[in-house]
Amino acid sequence: MHILVTNDDGVNAPGLLALANAMKSLGSVSILAPDHHWSGGGHVKTLHRPLRVRETTLIDGTPALMSDGAPSDCVALAVLGLVRDPIDLVVSGINTYGNLGYDVTYSGTVTAAMEAVIAGVPGFAFSLAADDTTTERDYGPAAEYARRIVATAIASGLTKDLLLNVNVPCLPGPAIQGIRVTRQGLRVYRDKLDERRDPRGQPYYWIGGDYPTGVPDDGTDFAALRDGYVTITPLQLDLTCYQVAERLGAWEWQ
0 MHILVTNDDG VNAPGLLALA NAMKSLGSVS ILAPDHHWSG GGHVKTLHRP
50 LRVRETTLID GTPALMSDGA PSDCVALAVL GLVRDPIDLV VSGINTYGNL
100 GYDVTYSGTV TAAMEAVIAG VPGFAFSLAA DDTTTERDYG PAAEYARRIV
150 ATAIASGLTK DLLLNVNVPC LPGPAIQGIR VTRQGLRVYR DKLDERRDPR
200 GQPYYWIGGD YPTGVPDDGT DFAALRDGYV TITPLQLDLT CYQVAERLGA
250 WEWQ
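Each residue of the sequence shown is one higher than the one before, starting from 0 at the first, in numbering that gives the first Met the number 0.
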């Protein structure tokens with residue numbers, strides 16, 4: 000089993016090191032991650048400039064590769080042959096914040112796993128569901144749950160369309176209640192436009208606002224995390240809304 004590890008927080012992020020070390024007991028590990036922070040970058044494929052890749056070493060001496068591309072670029076580079084041995088599984092993370100509900104469309108962590116599935120390789124995204132009030136993050140429990148989840152998936156049979164979004168409560172290991180398979184909940188964003196002026200009087204803008212919340216309906220990732228559970232949300236790349244498509248099919252289109 001050859002496992003590619005990537006992330007969107009940058010190659011030196013502690014969550015990536017924790018995830019890479021957790022995967023070493025399950026197979027050989029290669030690391031190819033962005034050379035800087037890409038959080039919120041979404042699903043990117045860089046086509047109009049060259050991508051640079053350099054060798055680096057993680058804080059514990061683990062060799063890694065880093066690219067100036069997005070997380071999804073890193074996965075594409077690896078599966079297209081930059082990493083010589085074929086990739087059997089891509090794991091992305093461990094992200095410093097949760098990726099819940101609609102977050103999956105913005106998240107570089109999740110879209111790296113999506114890029115894997117597009118290439119015919121199973122992809123898992125792992126996130127630590129901390130928030131802006133969290134002062135200390137222990138990635139140990141999340142890394143252990145990542146190991147368990149990947150081991151279970153390998154034993155049960157990986158398929159090329161397997162795309163799992165996993166969120167782990169930011170709690171001590173003994174306080175985590177277990178694992179639940181969930182659906183995406185409704186993320187509530189509280190974005191605000193912040194307009195400012197530069198020294199020359201020209202306007203520029205920040206998208207800011209309060210930390211987003213979510214609706215904890217039964218069966219959702221938000222509800223399970225609230226109750227202290229690790230959430231596993233299976234995703235699919237087919238975004239077709241079949242119910243609406245059926246309704247539209249009955250319309251008389253001009």
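Fair warning: there could be bad hints in the mix.
Computed beta-carbon distance windows for the label pairs [stated by the list, open to error]:
1. Gly207 - Arg182: 36 to 46 Å
2. Ala154 - Thr132: 15 to 25 Å
3. Tyr101 - Pro13: 23 to 33 Å
4. Leu46 - Thr132: 21 to 31 Å
5. Gly80 - Glu135: 17 to 27 Å
6. Tyr203 - Gly156: 27 to 37 Å
Restricting the straight-line Cα-Cα distance to at most 25 Å, the calculated cross-link-like pairs of lysine to any residue (SDA-like) are [unchecked claim]:
7. Lys159 - Asp216
8. Lys23 - Leu170
9. Lys159 - Leu192
10. Lys159 - Leu238
These are calculated hints, taken from the structure and not from any lab test. Quick caveat, the model's predicted, so the values are computed rather than measured. C-beta atoms are modelled at their ideal positions from N, C-alpha and C, and glycine is treated no differently.
So, against the hints stated earlier in the document, which numbers end up violated here?
Those not satisfied are hints 1, 2, 4, 5, 6, 7 and 9.
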